[in-house]
Amino acid sequence: MIKTKIIAKIEGMYCSACPPKLIEMLEKVDGVLAVTASFQATEAEVIYDANLLSYKRLTNAVKRAGFTVSYYANNERISDFDEKESVN
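Here the sequence shown is numbered in the UniProt record's numbering, starting from 1 and rising by one per residue.
Treat the hints loosely; a few may be bogus.
[Said to hold, decoys possible] Here are the simulated DMTMM-like cross-link-like pairs (lysine to aspartate or glutamate), alpha carbons at most 20 Å apart as the crow flies:
{"hint": "1", "residue 1": "K56", "residue 2": "E76"}
{"hint": "2", "residue 1": "K9", "residue 2": "E45"}
{"hint": "3", "residue 1": "K63", "residue 2": "D30"}
{"hint": "4", "residue 1": "K28", "residue 2": "E76"}
{"hint": "5", "residue 1": "K21", "residue 2": "E45"}
No lab work stands behind these hints: they were computed from the structure.
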């Protein structure tokens, strides 16, 4: 397991009901270990197993919840993702 933390800047969260909706959707994704989300900060912290989860799958889950996303690690925006799907 490669436990990884990413900050996801979420666009489209307009009320306090949005974070629970996002958390519920992300918790269903194989490889997500923990999720917290903040309406005030418009972001989510996702801890996941990098062996099981790609950014593409994570992004698709965020989109299914009705939001758009940008990713940050070490306070820098990540723009080049490894789009391969997991081997498992």
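Do the hints match the structure? See the list:
1. Restraint check for K56 and E76: the C-alpha separation of about 19 Å stays at or below 20 Å, so the hint holds.
2. Between the alpha carbons of K9 and E45 the distance comes to roughly 9 Å, so the proposed pair stays at or under 20 Å and holds.
3. A C-alpha spacing of about 16 Å is found between K63 and D30, which places the hinted pair at or below 20 Å, so the restraint holds.
4. At most 20 Å may separate the alpha-carbon atoms for a hinted pair to count; K28 and E76 exceed this at roughly 27 Å.
5. At roughly 14 Å between alpha-carbon atoms, K21 and E45 fall within 20 Å of each other, so this suggested pair holds.
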